[in-house]
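Engineer: What follows is the residue order along each chain.
There are 2 protein chains.
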Amino acid sequence: MMNAEIIAVGSELLLGQIANTNAKFISNQLAELGVNVYYHTVVGDNGIRLDQAITIAESRADLIIFSGGLGPTKDDLTKETIAKHLSVELMYNQAALHSIEAFFNRLNRPMTENNRKQALVLNGSKVLVNHHGMAPGMIYEQEGRTYILLPGPPKELEPMFQFEAKPFLAKKVGGYETIKSLVLRFYGIGEAELEHKIEDLLDAQENPTIAPLASDGEVTLRITAKANSEIEAAKLISSAKTAILERVGDFQYGIDDDSLTSKAAELLMEKGLTISAAESLTAGLFQSELAEIPGISSTLVGGIVTYTEQAKIHQLGVAQEVIERHGVVSKECAMEMAVRVKQKFGTDIGVGLTGAAGPEMHDGQPVGTVWIAIVLNDEEPVAYQLKLSGMRNTNRLRAVKSTMNYLIKILKQLP
Amino acid sequence: MMNAEIIAVGSELLLGQIANTNAKFISNQLAELGVNVYYHTVVGDNGIRLDQAITIAESRADLIIFSGGLGPTKDDLTKETIAKHLSVELMYNQAALHSIEAFFNRLNRPMTENNRKQALVLNGSKVLVNHHGMAPGMIYEQEGRTYILLPGPPKELEPMFQFEAKPFLAKKVGGYETIKSLVLRFYGIGEAELEHKIEDLLDAQENPTIAPLASDGEVTLRITAKANSEIEAAKLISSAKTAILERVGDFQYGIDDDSLTSKAAELLMEKGLTISAAESLTAGLFQSELAEIPGISSTLVGGIVTYTEQAKIHQLGVAQEVIERHGVVSKECAMEMAVRVKQKFGTDIGVGLTGAAGPEMHDGQPVGTVWIAIVLNDEEPVAYQLKLSGMRNTNRLRAVKSTMNYLIKILKQLP
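Chains A and B, in that order, are what the protein sequence lines are. Position one of the first sequence corresponds to residue 1 (the numbering used here), numbered consecutively onward. Position one of the second sequence corresponds to residue 1 (the numbering used here), numbered consecutively onward.
Treat the hints with care, as some may be off.
Any copy will do: because identical chains look the same in the list, a pair fits if it lies in one copy or spans two.
Said to hold, decoys possible - With a straight-line Cα cutoff of 25 Å, these simulated SDA-like cross-link-like pairs (lysine to any residue) come out:
(1) 166 x 19
(2) 117 x 89
(3) 387 x 269
(4) 412 x 296
(5) 155 x 28
(6) 387 x 295
(7) 74 x 410
(8) 155 x 25
(9) 155 x 213
(10) 126 x 168
(11) 331 x 297
Please keep in mind that the hints were generated in silico from the structure rather than gathered at the bench.
Excised from the complex, chain A in its bound form (with noise of 0.2 Å):
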């Protein structure tokens, strides 16, 4: 069983200019690997306090992971105080020169000769390759220790960690040749809900573990077997999603990097069906939100923002007596909405959504009150009423999620 620390390292971190959410990535993957992370710990870009930093966590820990401080200024000087510390020579990595070179020669820029000293790396570490940026990470082996260091910026320290220190401690702590995550994404259902129905599951897991995460209304599970090879971590994974999809797969929408956004977007465009909108509480959120996928001019033609009754009735052609009878936060106004939208824009799906937002009650309806219209070729409509809790722009951006969960599950019944 192993018990880590991990160091950051710099200043803008004690000035309270950014959070070290490098550690909390860190704790989040080593948690997956059954690593024990008792402290993080904070320093300045400063040697003496870094030094002594090490030595306490060395008091404590046996795997210490060191975030920053590996760039070509002065301030950066982690390698340099670990090297120092553990009686280590610095040596110039000439796989690092190379890509640090080629790196300038990309940008047509001279490369400043401080540029160098990024490829200097421990004598006798092992050399984790930077495919985001140029300082190499590493790790280094001593006295039954182990010290990783990583680059600071996220986008170059993640994959570094995930793809090259992750499968080295997979190895190291339970023997394993490879570690392989899945995650499941689910909307519709909340994560204690989720988590009764497969808590058989959850209470039995060791490889794959399963572990449950709930954040802006979606609950997501991540699988992670470790294996000792890629074709058996594949058949763990596998088996684990069966049997998980088996009790609450009606409400799993995608899988990795897939939003609601996304999946409703891909499955609009493999479909190639057209969409627009008739929008009031959300005022243009649910076509600003699928704008956001490239490609999309090839389905979302656009649509109305009809934020008073005046433009509903007078821009969209919503019947004055639907209004009259039903209000504006109705399923009936809804569903009007989504039919003329869809006649003007000429598409082949339409979309009406109206409700109530808050602060105040809408139309005599409560805070909270949403009304999803969809309609699709020459089907009837179909509407779904929200009931939300949240303040006036969470319930906002609830309904547009909704809004693409309702969606996606038409598109997937469609050939």
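Model the placement of chain B on the given structure of chain A, informed by the hints.
Structural biologist: Below, chain B without anything else, positioned relative to chain A:
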């Protein structure tokens, strides 16, 4: 001169479930006071390891600030561990007990016995009232060291620090009775350029301090004054503000918690002007951002998302000739969009937004080219060009921010 260490207590931090944003917040606040922060430590809900962390912190800091572990469960052991460490008794604080009881009365729920634990405070400590939760904070002094205990949830910790601990520290560090801040918000100027224009003011700063910060295309300057009276603090801030705005006032759009959107919405409502928008690359984001502001329905009527060329022509009525001659990413098309949507929706102001968000060129225009047009009443439309260099969604967001900024400038000039 005080040296501080921040100790965050909570296993959720070590499991990587959340980042240590409390340390970021407190560090930022301490920087304003001129207090050095040399270390952050994170430790789990474990009495022995927390005790060891306190011993280490005492060897290197004379101000130790704790966050977390003040709640009602048996995992919450920060004050118990500190009490034992310092050999101080824990006593019930009547005011705190009273407010915990009142909290449960308001919720109409019975108070369980373990909640009384939250009213226990270090004997002889200054108790900090929690206006947003149940557990009070504490300031305790012993042998020349100051220990500050704060609750973990940021919405409880932040106001408690700002309004109770910070004035205490301002007095302790500098002998000042009060400390006040004002944030000036700028858009349309880079951080480097802004700093360059007020370089001498930044170099000469002492009291008040002036701290620049840049994020998401905006730059802020936080002016912080320490003084012996509110009036004196306000005077110090006011004269710094005047000196700054003489140089860069053209780029200032708001103060403190203003955002470009809230400021634009505030001015629209104040002037009693209605608005509509026709959006292409932003696909509804401009309208959706405005709709984040409660009460906006008095001014935002609605608008059209014209994502395709056909939608621009058929739904909005942009002349085909304009598109043929100038393209959809052009000054002329943006102006037509603004004028047409204003006419259609019968509003006082019309906004047109078109451009190439990326990742590919659009209509022959390079990625990042954006045209924004605004038309007010019977005036000629005005148009602005942006050349952005971000990724697709950064460009879309930047286009919306710039539109808000131009709108603010136009509205500010009105009587």
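Engineer: Next step is simple, just say for each hint if it's right about the structure.
Structural biologist: Here's how the hints hold up against the structure:
1. Taking CA atoms no more than 25 Å apart as the test, residue 166 paired with residue 19 passes in both settings, with 23 Å inside one copy and 20 Å between copies.
2. With identical chains, the CA atoms of residue 117 and residue 89 are at most 25 Å apart within one copy only, with a shortest distance of 13 Å there and 54 Å across copies.
3. For the identical chains of this complex, residue 387 and residue 269 are neighbours neither inside a copy (30 Å) nor across copies (29 Å), given an alpha-carbon limit of 25 Å.
4. Taking the shortest Cα distances, residue 412 and residue 296 sit within 25 Å of each other inside one copy (18 Å), while across copies they are farther apart (37 Å).
5. Taking the shortest Cα distances, residue 155 and residue 28 sit within 25 Å of each other both inside one copy (16 Å) and across copies (24 Å).
6. In this assembly of identical chains, residue 387 and residue 295 lie within 25 Å of each other by CA distance solely across copies; the values are 21 Å between and 33 Å within a copy.
7. Taking identical chains as interchangeable, the C-alpha atoms of residue 74 and residue 410 are never at most 25 Å apart, the minima being 58 Å within one chain and 47 Å between chains.
8. When the C-alpha separation of residue 155 and residue 25 is checked against a cutoff of 25 Å, the pair qualifies both within a copy, at 11 Å, and between copies, at 23 Å.
9. In the homo-oligomer, the alpha carbons of residue 155 and residue 213 lie at most 25 Å apart both inside one protomer (22 Å) and across protomers (22 Å), since each shortest distance falls under that limit.
10. Only within a single protomer do residue 126 and residue 168 lie at most 25 Å apart by alpha-carbon distance; the minimum there is 10 Å, versus 50 Å between protomers.
11. Taking CA atoms no more than 25 Å apart as the test, residue 331 paired with residue 297 passes between copies only; the shortest distance there is 21 Å, against 29 Å inside one copy.
Hints 3 and 7 from the list above are not met by this structure, while the remaining hints are.
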